[in-house]
Amino acid sequence: MAERRPRRAWSVRTRITVVAVAVVAALLGIGAVGTVWTIDRVLTDQISAQLDEDLDAIADAVEAGGASAVSDQDDDVLIALHTGARTVVNDEDAIDLPAPNDIGDRTEGQVDDDPVLILTEELGGDLGTLVIARSTEEVGDAVRATTMVLAVAVPVAVALIGIVVWGVAARALGPVDRIRRQVDQVGADTLDQRVPRTGNDDEIDRLASTMNRMLDRVEEGYRTRQRFVSDASHELRSPLATMRQYAELARAHPTSAPPDELADVVLGEGARMQEIVEGLLLLAKLDEGSAQSGARGDVDLDDLALAEVSRIRALGTASTDGGGIGPARVSGDGRLLARAVRNLVDNAVRHARSTISVGTSTAGSAAMLWVDDDGSGVPETERERVFERFTRLDDARSRDAGGSGLGLAIVAEIVRAHGGTVRVETAPLSGARFVIVLPASAE
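Using full-length UniProt numbering, the first residue of the sequence shown is number 1, and each one after it goes up by one.
No wet-lab data here; the hints were simulated from the structure.
Mixed in with the good hints there might be a few duds.
Stated by the list, open to error - Mimicking SDA-like on lysine to any residue, the simulated pairs with C-alpha atoms at most 20 Å apart in a straight line are: (1) LYS285 - ASP201; (2) LYS285 - PHE228; (3) LYS285 - ARG296; (4) LYS285 - HIS418; (5) LYS285 - ARG225; (6) LYS285 - MET273; (7) LYS285 - ALA232; (8) LYS285 - ARG416; (9) LYS285 - GLU275; (10) LYS285 - GLN226; (11) LYS285 - ARG339; (12) LYS285 - PRO327; (13) LYS285 - GLN274; (14) LYS285 - ARG206; (15) LYS285 - ILE163; (16) LYS285 - GLY407; (17) LYS285 - ALA366; (18) LYS285 - PHE390.
Please build the complete structure, drawing on both the sequences and the hints.
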């Protein structure tokens, strides 16, 4: 069975034109019918009013001059006077006038195949019944003429309106199509291209502005991804190169390369590579929103902080002050939040001269955790960039060992996933203070 091709949808221009033509055609059709009906009613009412005047005048003439007065009347009006014994008419066609049963009622009829409006009245005394009629052929002629004119004018008007709407729609949607073509031409090598704005602050101008903002985001995302891939490649190449150099040295000079030293180098560089890869995988999961295990619940930041203080004291890598740790409870993924706290503490240990400080507190609806060090600090101009992936600062803070360049980026993404913020400022110890602010858990 042959696969049916999907029917191509009408363009916006076509749909606008079809809808406009349909609406106008319906309105003009209703207007045409109303016009014909109005002409018919107005002309018929005029004849009816004239017939009333004729009836009064003829009745007065008959009452004054008798039946002979009928023959003296204008033959524009057909008159028949029924006296019982005979019928007196003013025109031979009047003989065919019917005598309606309801005296005084108007009725429509035909005389010699011509449409007429008939009116009857019972005269006083023995004068009989007066029946008069006027032709309504002019009404029919006017209605037919109007109908013929409208039958030609309405389709012509609809066609003209369709042409005008088609042209106006084309003119109105032309800039949209130009924007579409311009955006369609943007590629990886031309991400700096932008859509020209009209400057009129209308819908088209705002659309161009929106498209330009979208292109800005696309370009920034593309450049960021390029930097990320380049930096990741560079970070992975360094340990790989070290491992290869030691392996080549061991092959070329087996006796001069102690196995223990070679093993230590390979294990160290392998651990560094593993840390980088795991960090990249975690960031990828955070980017797509799948990093959280789903086991969200109340997490005590103070417990996480105390655990890190105990760990650093056990390692003896820095003097650690936990005196500022107070109650702070949030709702979230405890595994990820513990990772964020550990990354901040490890970062502080790497950059501290001798001392770090960890604290937590709750202020209103916000829970805070901060980690201080007495190192060289972070310049104000670099405090936003320090949370980017593989960021390397130009000062002494960048000259550390053991970091993957992803720790603070992971912290920023974890905090963002929990609806919080992270910032860096100057610590009381003169180094850097990293502050996490999260929505406090409802008690």
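Pairwise hint evaluation, ARG416 against LYS285, where the allowed Cα distance is 20 Å at most: holds, 13 Å
Pairwise hint evaluation, GLY407 against LYS285, where the allowed Cα distance is 20 Å at most: Holds - the C-alpha atoms of GLY407 and LYS285 are around 15 Å apart, at most 20 Å.
Agreement of LYS285 and PRO327 with the hint, judged by alpha carbon distance not exceeding 20 Å: violated, 30 Å
Pair hint LYS285 and ARG225, alpha-carbon separation not exceeding 20 Å: holds, 15 Å
Agreement of LYS285 and ALA232 with the hint, judged by alpha carbon distance not exceeding 20 Å: holds, 16 Å
Restraint status (C-alpha distance of LYS285 to HIS418 at most 20 Å): holds, 14 Å
Proposed proximity, PHE390 with LYS285 (alpha carbon, max 20 Å): Distance ~17 Å between LYS285 and PHE390 Cα, so the pair holds.
Restraint status (C-alpha distance of LYS285 to GLU275 at most 20 Å): Answer holds: LYS285 to GLU275 is near 15 Å, not above 20 Å.
LYS285 paired with ASP201 [C-alpha distance capped at 20 Å]: Between LYS285 and ASP201 the Cα gap is close to 40 Å, so the pair fails against 20 Å, i.e. violated.
Proposed proximity, ARG339 with LYS285 (alpha carbon, max 20 Å): holds, 14 Å
Pairwise hint evaluation, ARG206 against LYS285, where the allowed Cα distance is 20 Å at most: violated, 35 Å
Hinted pair LYS285 and ALA366, Cα distance within 20 Å: Since the Cα atoms of LYS285 and ALA366 sit roughly 26 Å apart, the hinted pair is violated (cutoff 20 Å).
Hints 1, 12, 14, 15 and 17 from the list above are not met by this structure, while the remaining hints are.
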